[in-house]
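**Q** Single-letter residue listing:
4 protein chains.
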Amino acid sequence: MNFRTDLTLERAELASEKGKGIKKEFKHNDFSNTTIIDILNEETAEKLGKAVGRYITIEIPELTFLSSDLPKIVETVKESLDLLLPQKNGLVLVAGVGNSDITADALGPFVASKILSTRHLSEELQKSIGFKEMLRPVSAISTGVLGQTGLESSEYIKCIVNEINPCCVITIDALASRSVKRLGTTIQMSDTGIAPGSGINNKRKRIDEEFLGVPVIAIGVPTVVDALTLAESIYGKSDEPEMVVDMIVTPKDIDMLIKNSSSLLATAINLSLQKSLNQDELSALL
Amino acid sequence: MNFRTDLTLERAELASEKGKGIKKEFKHNDFSNTTIIDILNEETAEKLGKAVGRYITIEIPELTFLSSDLPKIVETVKESLDLLLPQKNGLVLVAGVGNSDITADALGPFVASKILSTRHLSEELQKSIGFKEMLRPVSAISTGVLGQTGLESSEYIKCIVNEINPCCVITIDALASRSVKRLGTTIQMSDTGIAPGSGINNKRKRIDEEFLGVPVIAIGVPTVVDALTLAESIYGKSDEPEMVVDMIVTPKDIDMLIKNSSSLLATAINLSLQKSLNQDELSALL
Amino acid sequence: MNFRTDLTLERAELASEKGKGIKKEFKHNDFSNTTIIDILNEETAEKLGKAVGRYITIEIPELTFLSSDLPKIVETVKESLDLLLPQKNGLVLVAGVGNSDITADALGPFVASKILSTRHLSEELQKSIGFKEMLRPVSAISTGVLGQTGLESSEYIKCIVNEINPCCVITIDALASRSVKRLGTTIQMSDTGIAPGSGINNKRKRIDEEFLGVPVIAIGVPTVVDALTLAESIYGKSDEPEMVVDMIVTPKDIDMLIKNSSSLLATAINLSLQKSLNQDELSALL
Amino acid sequence: MNFRTDLTLERAELASEKGKGIKKEFKHNDFSNTTIIDILNEETAEKLGKAVGRYITIEIPELTFLSSDLPKIVETVKESLDLLLPQKNGLVLVAGVGNSDITADALGPFVASKILSTRHLSEELQKSIGFKEMLRPVSAISTGVLGQTGLESSEYIKCIVNEINPCCVITIDALASRSVKRLGTTIQMSDTGIAPGSGINNKRKRIDEEFLGVPVIAIGVPTVVDALTLAESIYGKSDEPEMVVDMIVTPKDIDMLIKNSSSLLATAINLSLQKSLNQDELSALL
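Chains as they are written, first to last, in the working numbering: chain A, 569 to 854; chain B, 569 to 854; chain C, 569 to 854; chain D, 569 to 854.
Just so you know, these hints were derived from the structure itself, not from any lab.
A portion of the hints provided could be inaccurate.
Note: identical chains are not told apart, hence a pair may lie in one copy or across any two.
Unchecked claim - Capping the alpha-carbon separation at 25 angstroms, the derived lysine to any residue pairs in SDA-like fashion look like this:
#1 K749 <-> F594
#2 K695 <-> K773
#3 K700 <-> G715
#4 K588 <-> D637
#5 K749 <-> L853
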């Protein structure tokens with residue numbers, strides 16, 4: 569079982585896990601299917617190559633054709649995020665992971681740029697603007713990538729966490745999937761953190777509660793299939809031809825996919841963090 | 569023989585053509601291999617799915633690691649282009665074909681934006697600036713794509729050709745290849761025009777001398793392999809799974825590949841058109 | 569009276585024109601003031617430095633703080649445009665004028681990229697998609713600028729007009745104003761065409777019905793004050809210091825202003841052209 | 569003396585300082601003038617509104633017309649930077665300050681993106697690549713701005729400094745000048761740190777050795793004049809009209825100015841940090 573995927577849902581499908589180690593729950597509405605997988609013990613975790621914790625996967629239609637259902641999908645994503653957010657108050661650090669110079673890897677930086685940062689707005693200022701309920705303090709950063717900064721994403725986030733002491737970190741990253749059908753149509757969230765770059769680059773240090781000292785919610789959308797996995801998923805073989813290792817498979821309209829997915833995620837995150845604002849008020853502030 | 573490729577070199581390899589219908593010539597230097605293929609008659613043309621005419625293919629190392637050899641590669645590309653340019657004087661229209669919103673398809677628009685346009689510079693003005701030899705008149709446009717403009721690329725170019733009457737049109741387009749090894753490492757030129765969009769989109773009307781009434785030199789660089797072709801080139805099968813038809817295979821660093829390839833092509837085109845300028849003088853003017 | 573401005577409203581204010589040569593009408597609603605100026609004869613036209621015709625100026629609050637009123641403002645702009653559009657049917661060419669590489673001059677290209685092009689959609693295709701009323705045929709292009717293309721904007725548009733024969737051309741251009749308060753808060757439309765580049769660059773050939781042979785509706789938003797005009801508007805002097813001639817005055821957030829203004833204009837234009845679509849249906853198609 | 573400027577040279581000109589508190593030195597070559605100002609005591613520092621320390625100002629011709637002199641100007645900038653860099657070894661953190669979404673303020677982020685980060689390259693790896701002399705360890709980040717991140721630039725840099733312990737920080741920021749002639753033609757460096765945002769935004773906390781605990785070299789290029797200062801510099805008055813406070817004066821080609829200036833600075837910084845590399849080797853690595 570060495571298909572390269574960041575999606576727990578795909579690993580769970582492959583393993584067709586039953587029994588005590590895994591719990592699955594399904595929710596449906598007119599425009600989405602939500603699967604909540606709890607990996608309950610280390611044995612199952614090891615079998616699936618995923619950490620113990622909760623994984624929520626939301627499957628939606630192709631984003632580019634949505635529009636009128638979009639507010640409802642945003643709400644669905646927000647509700648799933650509510651299930652993972654550990655507390656109602658306290659500073660949250662949102663960290664976009666990935667390379668803004670590579671379109672298919674730019675999901676994290678794009679989302680971070682659309683988060684409503686509020687940590688610097690004093691109570692006084694908020695009152696003078698007319699807010700009745702105070703906003704939740706939020707900071708939003710992009711980590712860049714090792715080759716640009718000389719710092720691992722995990723290390724970069726730790727720098728910020730150690731100084732500003734958030735109660736929780738939310739990371740956003742582009743993921744790899746086994747299936748082209750999932751690209752741009754699946755949103756995965758978990759409370760287990762991430763190993764960034766498993767989609768596009770090499771494995772990096774995990775970004776998780778163990779490393780950072782605070783809970784980490786990881787959100788991702790598959791944007792690539794690696795070329796070898798695609799070939800294998802079509803023809804079922806397993807010999808690894810060297811020439812395709814640096815190739816990625818993306819939709820033709822990957823630029824649009826990244827733009828739409830990042831808007832969707834950023835709005836859902838903002839709404840989950842700022843319970844006193846609705847979608848219209850939010851867009852007026854951004 | 570239904571591999572999807574825009575490269576004549578690949579078709580010729582497949583067909584292993586010998587005999588009277590095709591002529592091949594090879595040139596080598598330290599940093600490139602050049603293949604000149606002449607398709608001499610309609611019979612061979614039909615067999616290869618390519619028009620009668622001259623195809624020059626230059627194979628170079630991966631662009632991202634070049635730097636010090638770059639001026640020599642630029643010179644090689646320029647010399648091949650010199651072989652195809654029908655005249656030494658007269659207005660030339662350079663037309664970038666492709667979608668600037670899709671990274672892998674943006675080669676044409678990027679090159680066009682780096683061409684030295686001179687059609688509007690009067691002899692008087694050039695003398696007052698200090699030019700001793702007059703520049704060749706050049707116009708450079710990007711055609712956009714049908715979905716954005718409502719005009720076929722061929723139609724768009726015809727609009728401009730009919731008004732400004734160039735002696736020759738040079739088109740630049742991103743190509744599809746069968747092989748991931750060719751992406752960003754092969755430059756193809758021909759005097760036969762192109763069927764734009766065969767790389768990324770559906771087949772469009774040909775842009776050629778028959779349609780435009782003036783010679784058309786087509787230049788392209790492979791930037792994508794379609795996903796199905798990749799799977800077939802690895803595993804040799806031919807059943808067409810539906811799910812991958814809108815997927816493209818690109819290098820991870822496709823953004824950089826497009827940037828570097830477009831600089832290389834634009835410089836070579838500018839040098840071929842403006843024989844009185846060297847690379848330093850050119851970059852001072854752009 | 570040599571204040572550099574593209575706004576007829578400003579010229580009319582300066583001249584405080586009364587009498588037979590000019591007609592003014594005002595409309596107000598909660599979020600905008602609309603002024604309709606008709607310049608009725610050549611004498612007045614000459615006095616104001618503007619052509620005979622209708623000029624509609626819509627004054628709105630700063631765009632960045634709108635959000636909830638935005639759909640209403642879009643509707644107001646659309647209604648004014650309806651007053652100028654000569655016919656209900658027939659192909660319309662939308663032409664973005666200006667330099668996409670200079671933020672403050674990129675309004676035209678940005679709007680053009682957001683226009684729904686429909687000229688290429690056959691009746692058959694539209695029916696198969698489910699449209700009951702056929703869309704109005706529209707093409708949208710950006711002219712680039714002389715230095716990039718070697719063609720005047722006017723000449724560029726003429727190339728396209730001569731081939732596709734629209735019943736009307738709509739141009740979009742960034743304008744200069746005398747007043748910093750107008751930047752991003754005033755929309756001017758006229759049925760008289762434009763002299764592009766009066767805002768940022770040198771005067772160019774007019775783009776109007778006389779030149780193109782079809783009616784030309786010009787739409788613009790002031791994005792710059794030239795530095796000298798600003799100094800004069802503060803201190804009332806008129807000696808022209810050389811050093812500021814290539815300087816422009818813009819809001820700090822000019823990037824956001826261009827983005828928001830172009831969305832507003834594009835939506836209003838799309839709605840005026842496609843009477844069978846509402847704002848939601850439009851955004852689903854783009 | 570309330571002209572808004574970040575240039576010590578301009579303040580020193582205004583004050584025409586003589587005497588013990590200030591020391592000036594001049595250097596000339598064919599393509600640049602360098603002024604080294606040492607502010608020697610607190611009294612003079614207060615008078616000039618600048619901290620005690622060394623300020624180096626390099627005046628160059630307009631960047632857009634350089635090309636062939638560019639390598640020499642890069643070398644001049646590098647040599648000045650050598651004068652300020654406290655040590656030959658040890659990790660250096662390069663921090664781009666400013667807002668990448670506002671063209672005129674994007675100098676810092678642009679430079680940071682072109683710095684050769686090496687902190688993550690192990691000695692082993694460097695040897696295997698073929699480096700004989702080890703590269704100096706460097707990290708490069710962009711701080712974003714308060715409104716995006718919720719963190720002051722100073723605070724952001726402190727987060728990173730506290731974790732990675734550099735021996736020195738180099739900041740890059742866009743500056744304000746009193747004079748339009750200085751825009752893009754003056755480079756200022758100092759060993760005193762900066763108060764970021766004095767050019768485009770409000771005053772922020774200083775980024776200096778006192779705050780960060782390590783030496784801070786600040787590098788900047790003027791990209792804006794504020795609109796009021798321009799009006800005053802032309803007409804010599806001092807009443808502050810409200811309407812222009814959020815306006816900036818920039819060259820028309822500000823996008824190009826930022827691009828060219830950031831390339832120049834990044835190359836000079838890279839060369840000063842990596843003494844074993846020449847310009848060609850550098851560009852091959854980036």
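**Q** Now, for every hint given, state plainly whether the structure supports it.
**A** Cross-check of the supplied hints:
1. K749 <-> F594: within (20 angstroms within a copy, 44 angstroms between copies)
2. K695 <-> K773: between (42 angstroms within a copy, 24 angstroms between copies)
3. K700 <-> G715: Answer is between; shortest inter-copy Cα gap is 21 angstroms, intra-copy 44 angstroms.
4. K588 <-> D637: This pair counts as neither: shortest intra-copy Cα distance 37 angstroms, inter-copy 54 angstroms.
5. K749 <-> L853: between (35 angstroms within a copy, 22 angstroms between copies)
Checked against the numbered hints given earlier, this structure breaks only hint 4.
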